[in-house]
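In the order they appear, the protein sequences are chains A and B. Number 305 in our numbering belongs to position 305 of the first sequence; there are no gaps in the numbering. Number 310 in our numbering belongs to position 310 of the second sequence; there are no gaps in the numbering.
Read the hints as simulated data drawn from the structure, not as lab findings. Any given hint could turn out to be false.
[As the list claims (entries may be wrong)] Cut-off 27 Å, straight-line C-alpha distance, at most; resulting in silico cross-link-like pairs (BS3-like, lysine-lysine):
{"hint": "1", "chain 1": "A", "residue 1": "Lys217", "chain 2": "A", "residue 2": "Lys254"}
{"hint": "2", "chain 1": "B", "residue 1": "Lys2", "chain 2": "A", "residue 2": "Lys213"}
{"hint": "3", "chain 1": "A", "residue 1": "Lys114", "chain 2": "B", "residue 2": "Lys74"}
{"hint": "4", "chain 1": "A", "residue 1": "Lys217", "chain 2": "B", "residue 2": "Lys2"}
{"hint": "5", "chain 1": "B", "residue 1": "Lys47", "chain 2": "A", "residue 2": "Lys184"}
{"hint": "6", "chain 1": "A", "residue 1": "Lys44", "chain 2": "B", "residue 2": "Lys32"}
{"hint": "7", "chain 1": "A", "residue 1": "Lys468", "chain 2": "A", "residue 2": "Lys417"}
{"hint": "8", "chain 1": "B", "residue 1": "Lys47", "chain 2": "A", "residue 2": "Lys114"}
{"hint": "9", "chain 1": "A", "residue 1": "Lys15", "chain 2": "B", "residue 2": "Lys2"}
[To be verified] If you anchor each label on the Cβ, the simulated ranges turn out as follows:
{"hint": "10", "chain 1": "A", "residue 1": "Glu54", "chain 2": "B", "residue 2": "Ala21", "range": "51 to 61 Å"}
{"hint": "11", "chain 1": "A", "residue 1": "Glu242", "chain 2": "B", "residue 2": "Ala10", "range": "36 to 46 Å"}
{"hint": "12", "chain 1": "B", "residue 1": "Ala21", "chain 2": "A", "residue 2": "Leu35", "range": "12 to 22 Å"}
[To be verified] Examples of chain B residues toward chain A, derived with CB under 10 Å:
{"hint": "13", "residue": "Val30"}
{"hint": "14", "residue": "Val41"}
{"hint": "15", "residue": "Val106"}
{"hint": "16", "residue": "Leu215"}
{"hint": "17", "residue": "Thr218"}
Even for Gly, the Cβ is constructed at its ideal location relative to N, Cα and C.
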Amino acid sequence: MKELWDRIFNSIKTKIIVIFVLTMFLTSASGIFILGLSSNIIEKMDDMFAGNVEIDKFLNDLYDVNTNLTNYLVTSDSDSLINYYRYKDIFSEKTKSMFSEIHGIYSQNDLIYKDIAYMVDSYFNEAEAAVEAKRTDNADNYIARYTEANRITGYIRTYTDRLNLNILNTNTTQYLGMSENLNKLRTANLVLIVSVILLNVLVISYLTYNMTKPIIKLAHSAEEMSKGNFDTDDVEVYSQDELSIMANAFNAMKQSIRNYISELHSKADTESQLLEQQIENLRIQSLLVDAEMKALQMQINPHFLFNTLNAGVQLAMIEGADRTSTFLDNMSMIFRYNVKSLDRKVRIRDEIDTIKAYEDLFIVRFGDIMRFEYNIDQSLLDIDVPPLIIQPLVENATIHGIGNMERGGIINISISKDDTVIRICVQDNGAGMSEETRQKVLDCQRFENDVSGNMTGIGIYNVVQRLKLFFRCEDVIEVESAQGKGTKVILKIPCNSLLEKVDDMKLLMNVK
Amino acid sequence: MKWLYKISLAALFATVVASTALALYYFNMVNKAYDKNSTNVFSGNPKYHFSLIINSRDDEYWQSFKEGVFEAGKAHNAAIEYNPISDPDSIDKTVEYVNIANKSRVDGIIVNGENSPEYSEAIASAAKSGIHIVVGLAESIDSNRLSYVGNNFYDYGVKAAKLISIASDKGTPINLGVILSDASRSEIDKTKISQSDVMLSGLTSVIESEKKIKLLCTLYKDSDLLGAEDLTKSILTQHPDVDVIFCTNAKDTVAAARVIVERNLVGEVVIVGTGINDEIKHYINKGIIFGVMDRNGYNAGYKSVEVLCGSFVDSFQSSYVSIATDIYTAMNIDQK
Numbered sequence: 001m002k003e004l005w006d007r008i009f010n011s012i013k014t015k016i017i018v019i020f021v022l023t024m025f026l027t028s029a030s031g032i033f034i035l036g037l038s039s040n041i042i043e044k045m046d047d048m049f050a051g052n053v054e055i056d057k058f059l060n061d062l063y064d065v066n067t068n069l070t071n072y073l074v075t076s077d078s079d080s081l082i083n084y085y086r087y088k089d090i091f092s093e094k095t096k097s098m099f100s101e102i103h104g105i106y107s108q109n110d111l112i113y114k115d116i117a118y119m120v121d122s123y124f125n126e127a128e129a130a131v132e133a134k135r136t137d138n139a140d141n142y143i144a145r146y147t148e149a150n151r152i153t154g155y156i157r158t159y160t161d162r163l164n165l166n167i168l169n170t171n172t173t174q175y176l177g178m179s180e181n182l183n184k185l186r187t188a189n190l191v192l193i194v195s196v197i198l199l200n201v202l203v204i205s206y207l208t209y210n211m212t213k214p215i216i217k218l219a220h221s222a223e224e225m226s227k228g229n230f231d232t233d234d235v236e237v238y239s240q241d242e243l244s245i246m247a248n249a250f251n252a253m254k255q256s257i258r259n260y261i262s263e264l265h266s267k268a269d270t271e272s273q274l275l276e277q278q279i280e281n282l283r284i285q286s287l288l289v290d291a292e293m294k295a296l297q298m299q300i301n302p303h304f305l306f307n308t309l310n311a312g313v314q315l316a317m318i319e320g321a322d323r324t325s326t327f328l329d330n331m332s333m334i335f336r337y338n339v340k341s342l343d344r345k346v347r348i349r350d351e352i353d354t355i356k357a358y359e360d361l362f363i364v365r366f367g368d369i370m371r372f373e374y375n376i377d378q379s380l381l382d383i384d385v386p387p388l389i390i391q392p393l394v395e396n397a398t399i400h401g402i403g404n405m406e407r408g409g410i411i412n413i414s415i416s417k418d419d420t421v422i423r424i425c426v427q428d429n430g431a432g433m434s435e436e437t438r439q440k441v442l443d444c445q446r447f448e449n450d451v452s453g454n455m456t457g458i459g460i461y462n463v464v465q466r467l468k469l470f471f472r473c474e475d476v477i478e479v480e481s482a483q484g485k486g487t488k489v490i491l492k493i494p495c496n497s498l499l500e501k502v503d504d505m506k507l508l509m510n511v512k
Numbered sequence: 001m002k003w004l005y006k007i008s009l010a011a012l013f014a015t016v017v018a019s020t021a022l023a024l025y026y027f028n029m030v031n032k033a034y035d036k037n038s039t040n041v042f043s044g045n046p047k048y049h050f051s052l053i054i055n056s057r058d059d060e061y062w063q064s065f066k067e068g069v070f071e072a073g074k075a076h077n078a079a080i081e082y083n084p085i086s087d088p089d090s091i092d093k094t095v096e097y098v099n100i101a102n103k104s105r106v107d108g109i110i111v112n113g114e115n116s117p118e119y120s121e122a123i124a125s126a127a128k129s130g131i132h133i134v135v136g137l138a139e140s141i142d143s144n145r146l147s148y149v150g151n152n153f154y155d156y157g158v159k160a161a162k163l164i165s166i167a168s169d170k171g172t173p174i175n176l177g178v179i180l181s182d183a184s185r186s187e188i189d190k191t192k193i194s195q196s197d198v199m200l201s202g203l204t205s206v207i208e209s210e211k212k213i214k215l216l217c218t219l220y221k222d223s224d225l226l227g228a229e230d231l232t233k234s235i236l237t238q239h240p241d242v243d244v245i246f247c248t249n250a251k252d253t254v255a256a257a258r259v260i261v262e263r264n265l266v267g268e269v270v271i272v273g274t275g276i277n278d279e280i281k282h283y284i285n286k287g288i289i290f291g292v293m294d295r296n297g298y299n300a301g302y303k304s305v306e307v308l309c310g311s312f313v314d315s316f317q318s319s320y321v322s323i324a325t326d327i328y329t330a331m332n333i334d335q336k
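The following block holds chain B by itself, in its conformation from the complex (with noise of 0.2 Å):
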């Protein structure tokens, strides 16, 4: 009887420490979900307080723009304040940010806007007050910002009129259709040159020089989810006789490739799209897309923040920094 006693007593002595421990562990658990300091991303004695102002929710190119604009903070010892754009057809909220940058006396503002006046009188009045700007489109060229930090879109251009004309196997010319992710354009002034102008500007160049490309259509994609698809489908509907249809972005670029195998035309149209993904590169190996353009938004993000630091060591800086394009197939998708 006596054994028993001992053995009883030292299980529930056991169970009394087990469920003290326990109770320390999980309330040390419940520490560490409050603990408020889990959420920072700033060495807490920032050098620098920079705005990002960008949409960056449906565009791959400016999800790694932000990631690399973040690891230069962390880099500089620049305090990032992100001010996402949920809205990317609103360039109101954008020029709010730019104003409320501005009267929060900020170090300096990264903003992708559209051109607008507002827009420019926003980045007009703060670089006024001091406030050091780069931009990721290029704006107005009489705009009073530090730099414009991204590709050059006239070298975009001529670089994919390459890619495709070695995209299709079916020999010259190459039957083309394009896909332009460039909603706004047609509400904006007409006078003034876009990105996606420059960037056909070069890809025409290229089209006219070598003969080897034949452009059959250039539509422009709407803001909503399936626009890319029903344009696809549209160019296989209208030219059955597409070889290659060329996307900017990487949304665009995964919807045709969806488009291309749901309506069983793998091998007879491939896709020349921009930016990478997984999704993309599990078509680019399947030789549903042909080959990518990589904008490098990482750089443009990282380089971005490195302009706006070095603006206050050193007065000049290249109000065009140019970030390299580059392109990836089969041959080489697995290095990226």
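Here chain A stands alone, though its shape is the one from the complex (with noise of 0.2 Å):
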């Protein structure tokens, strides 16, 4: 029953023609019951007035019957006889099926019906002694008879009127309790139509509805979707016909469009990170190119310079003058270091060295007005850093810390270790900086006169971005100073990076 349900009920077409076939069985059997009943109720109301209508022929064939009686008593027509025969014949036939169709006696019109038909014959059992008399020449009887018979259709119209007032008393009763029901099966009536149509409207409407409710859901869930909309709900069908098919293809389709565009924006994204990692190697390698132009410049015939200061100092152990043989060392490993390609790597150990050599030609220069102190946890000196990363810092703290200072300073270079970071600290007892200056020098922001009397010609901005590059880590500076007390600028290195980070530089220095 279910499935026959289900196959009936899982296609529009069937939904359709149920609804179709439906509506007009119940309009049509409404219209037939009410049809019925009307039919059964005009035969009823023609039916009462039958009787009233057969009394008054039975009459009329009475009224012929004896007139002809009488013009052949009166006139001796053999016509009239013939005729009165004729019309007796016809008149005894209508009459025996008129009462033959009382079947028995059941009320006082029954009786009614039975004594007519008993005088009838009484009437023709006079009217033919009447004719028998006529034919013998017998006038007292034949008169008699006739007389006797005209007595009996008198007594025949008498119970005819009766039965005429008794039928029609009969109908008045009838008609009066019919006619109080009729009024009440009208409205019942009126009622039926009334409520087989808005059953039908009912049905029709809610139906309908529910059958293009998921196409609107379609429709509008579709609309969106041109608008570029695919996170609409799912249209959701609970029926089991091609909507429900059409809404499930729907959704799908929906979704594969969706999982299509995020695939596509998911590319998209790959493709721009790839864009800004190109973007930020052609930073990295201008960076480079940039501080290489800054050594280079530094760098003018460092070969003979390299051989003139060797020449200078082989001259000056020639001629016993220490100090100046190692003044020009110093001098010879500094310049050497510092024209050596940026794009390689050093140990911290390397950059301390060279601070040592920039202390003693710093020493010989200005005697000892100023001052540098090194509290170093000797563990991390092999530990691998991008070069010139140490020494702009004291040429900075130098130049614009203690450089104007007349009574001199002391310069502390720190490097320690705490759980992550490992800490690169050069501190200056000096004029210190304005809060805007530290903070520009906290946003990398470029300072015209960065490298200004620098030995190496790399200011802090370039430094601060080679540690970025080199470790891929934003957090690599830290800057305290105030003004008169000095200034303290932290290089962080961290630790569980640093190997690995020194690989990818490995790669950055292949690939260019």
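Two chains, two separate frames, one set of hints: put the complex together.
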């Protein structure tokens, strides 16, 4: 049964046909029902007066018979006699058929019908006797018989009148009884028609709404999709018909398009990231080139300078000028270190050795006006770092921090480590810097006089950028400073990614 | 929204079913109202066909008589053809119906007709045709009718006189006024004795023998509806010393009682009447009517049919079947 039901209602076409047939059946059934009742009542109405019509015909026939009998008895006209017999046969036949319909004595009217039938019989007895007497010219007899026959016709008329009156009374009573209920029947029929119409309207409206609702949902969803919105809710259809199939297909299509677009977005993101990566690489290369250009400016004929300085060292040794020899040797070492390529890696130890050479030169030049202090964790000296990251800071401290102070100053260089970071700290007790300047340093902005007077030609901006690229992290510098109290610059090297970053750097250098 | 639809659908469906059921119900009621068989009163195959020719419109006795006839008809499977006489003074219609019954070849006739040559002739003709006839009023002594079923009017007069003699507590003699419902008496052959005469004969026999009653007047009522009322007023006016007024049918009895109430003569004049209905019972309980003679019309009608049916089984039937007259006063009226 359920399968049959499902089969019927799993198709829109079947649904429409069922609705059509159902509403048609309801309307037709109510119409036929009301028509049947009306026809039956009309038949009854006709039947109510059929008796009166029949009695009227009966009396006319009786009149015809009696008229012809009278004519014969008065005029002895044979045609009248023939007509009398003809009408008598017809009348007798009609009377017989009329009263044979009475299948028993049930009411006063049945008794009257029976009486009339017997009176008709008595009438013909008298009439026949009158005709017979007329033929034998027995005037007294036929007159007496005719008078008796006429009297019987009077009796028949009396009873037919009474019968008509009884039938009329019965009809009136029946009509009054029927009329009251007919009005109620009419009201019930009216209610039936109206309720069937309303029921049809309701059924059709609801089922039409149910069928069009998913289509409207699909239309709205499709409209949203056409606007590029694929995040609408799925269209849900609870029926099992073609609309459900269409809705499921639509939902699947929407999901497929959404997935495809998502993939496109993902691909675009990847491409964007790759593009950013390429831009970053270009920037690194630019920085390296920039640093190298700065360095090359300082490498004007370096071999001539180194050979000359070596000749000077040997000359000073021959002449016994040991301090001069040491001075020139330090100078030569610093130049040699500075002119090497920036795309290599060095150890912290190398950076510190260079700083110490730089200190010796500085002492020769300026005496003990400036003092260098070292607080270095020896275990960290073999850590790889980009070259020339400490010397620019020391130069900045000597030039901008202490250089203008007549009383001189102290430059403290410390290297320490905590759980995550190696801290390379260059601190002076010089002039310090304003908060604005400090913020610019932290924001890695270039300074116009960043490298003025620097031996390396590399500013703090270059140092910071190279550290960020080398260690792939943003937080590589801290600056603490107050005017008149000195400046402390801390370079932060992340411990955990140290080796990895170095490897990356190697790769990066190979790219170049 | 769905629940509203479901409720509406259920309500409309219920309306369709209910209106269909109502339509069928009212259609059935129409059919019942139309049903011609609902007026059936006979079995369909009655053993006898009797014609009842009486005037039952104005008289309590004949109404009861008719009821008795129809009840007996049901009991004996006899179809009763009721031929009412609308004009009580017209003997012609009675004669016509007797003749029609004759030509219709009925099995029997129960008729109440006043004495007249045409009536007697019609009775004789029907009897000659083999139709058994029972009369409610005795016609000529030489009639061919089968039987008379009714009261012994002489005995009725005697019982009435005895009731009258105890009706008034004013002492003897009791002054009596009599109103007789016998309008055609003046038109009929004075040589023949009417039932009123027989009744009066019985009444006067007691008056003369016991000397307790003084008959002041005997008035005959016209056929108009106010006849008894006028006659009562006439008696009260012409005979202010009247103690008892005797009436011979129910209508006259009620009319006289109303006049007594109207004239504020309750306790002064009492009525002795004939017949019983609810109003008469009321007046008896109030003491306005002392008592009534019940002629037992129902028994007479019932017996008439029994006599006719019996005549087809046993050719010997008594030509005079007396129906007892009962007396009802305030003492026993509740038993009726």
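We went through each hint and held it up to the structure:
1. Lys217(A) - Lys254(A): Cα-Cα ~14 Å, so holds.
2. Lys2(B) - Lys213(A): Cα-Cα ~13 Å, so holds.
3. Lys114(A) - Lys74(B): Within the cut-off at roughly 19 Å; holds.
4. Lys217(A) - Lys2(B): 18 Å, holds
5. Lys47(B) - Lys184(A): With Cα atoms ~43 Å apart, Lys47(B) and Lys184(A) exceed 27 Å; violated.
6. Lys44(A) - Lys32(B): With Cα atoms ~12 Å apart, Lys44(A) and Lys32(B) stay inside 27 Å; holds.
7. Lys468(A) - Lys417(A): This hinted pair holds, its Cα atoms lying about 18 Å apart.
8. Lys47(B) - Lys114(A): Holds, because 14 Å separates the two Cα atoms, which is no more than 27 Å.
9. Lys15(A) - Lys2(B): Holds, at about 19 Å.
10. Glu54(A) - Ala21(B): 51 to 61 Å: 37 Å, violated
11. Glu242(A) - Ala10(B): 36 to 46 Å: 29 Å, violated
12. Ala21(B) - Leu35(A): 12 to 22 Å: 18 Å, holds
13. Val30: With a minimum Cβ separation of about 5 Å from chain A (threshold 10 Å), the hint on Val30(B) holds.
14. Val41: Since the shortest Cβ distance to chain A is 6 Å, the answer is holds.
15. Val106: 8 Å, holds
16. Leu215: 45 Å, violated
17. Thr218: With a minimum Cβ separation of about 39 Å from chain A (threshold 10 Å), the hint on Thr218(B) is violated.
In this structure, the hints that do not hold are numbers 5, 10, 11, 16 and 17, in rising order.
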